[in-house]
Amino acid sequence: MQFSLGSVRQWHWISAAFALVGMLLFAITGITLNHAADIKAAANVQVVETEIPARLITTLKKQAEQSIEKNTTVKPKAFTTWLAEVHNIQVSSNAKTEWSDDELYIVQAGPGSDAWLAVDFYTNQLTYEKTDRGWIAYFNDLHKGRDTGTVWRWFIDFFAVVCIVFCLSGLILLCRQANHRWMTWPITLLGVVAPAILLLAFVH
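By our numbering, the letter at position 12 of the sequence shown is numbered 12, and the numbering carries on one by one without gaps.
I should point out that these hints are in silico values taken from the structure, not numbers from a laboratory.
Predicted, not measured: the structure shown is a model, and the values here were computed from it.
Check each hint, because a few of them may be wrong.
Unchecked claim - Derived PhoX-like pairs: lysine-lysine, alpha-carbon spacing no greater than 25 Å straight-line:
#: 1; residue 1: Lys70; residue 2: Lys96
#: 2; residue 1: Lys61; residue 2: Lys40
#: 3; residue 1: Lys40; residue 2: Lys62
#: 4; residue 1: Lys144; residue 2: Lys70
#: 5; residue 1: Lys130; residue 2: Lys77
#: 6; residue 1: Lys70; residue 2: Lys40
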């Protein structure tokens with residue numbers, strides 16, 4: 001029984017096909033990140049200030065006592081359900097919860113956005129603020145893996161491996177074609193020398 005991993009050309013075109021959209025995304029966001037100071041985008045800020053029903057405050061106070069006693073940071077399920085149903089405020093699984101005797105504080109960050117909310121147990125007041133910095137900031141954060149969660153970071157690692165396969169298989173193909181295309185190695189060398197010269201001459 002013969003086992004084959006396929007030809008170098010197959011590895012090259014398959015990795016190229018898989019990485020095509022991702023490489024475009026990372027290349028374009030590389031430009032937007034490099035010129036972040038020049039790209040002006042107005043942030044959209046959503047603010048909610050309202051009074052919480054007494055029954056929820058009672059539940060939250062009990063949870064605060066339990067969380068402080070057990071030193072846990074469990075999210076209040078009934079409260080987050082109320083937020084979603086009444087105010088269309090979604091609390092993600094990655095949100096960080098802080099309990100104290102007089103306040104519940106939740107902060108969550110996602111690609112291109114940040115949000116926080118606070119509940120005052122004495123005044124029954126909820127204060128919520130979300131800042132959305134727009135689509136460019138969203139894709140820039142995807143590029144950096146900022147506040148994107150574990151699965152996206154895994155994807156970035158896997159995508160990086162695919163890009164390495166693409167580059168190494170391309171290098172092998174260059175070696176095979178070098179005898180027929182005399183400009184192969186001069187152009188390849190230029191890709192190495194040009195960044196090195198720029199670093200030595202202009203980056204200090």
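Verification of the supplied hints:
no.: 1; hint: Lys70 x Lys96; verdict: holds (17 Å)
no.: 2; hint: Lys61 x Lys40; verdict: violated (43 Å)
no.: 3; hint: Lys40 x Lys62; verdict: violated (46 Å)
no.: 4; hint: Lys144 x Lys70; verdict: violated (36 Å)
no.: 5; hint: Lys130 x Lys77; verdict: holds (20 Å)
no.: 6; hint: Lys70 x Lys40; verdict: violated (46 Å)
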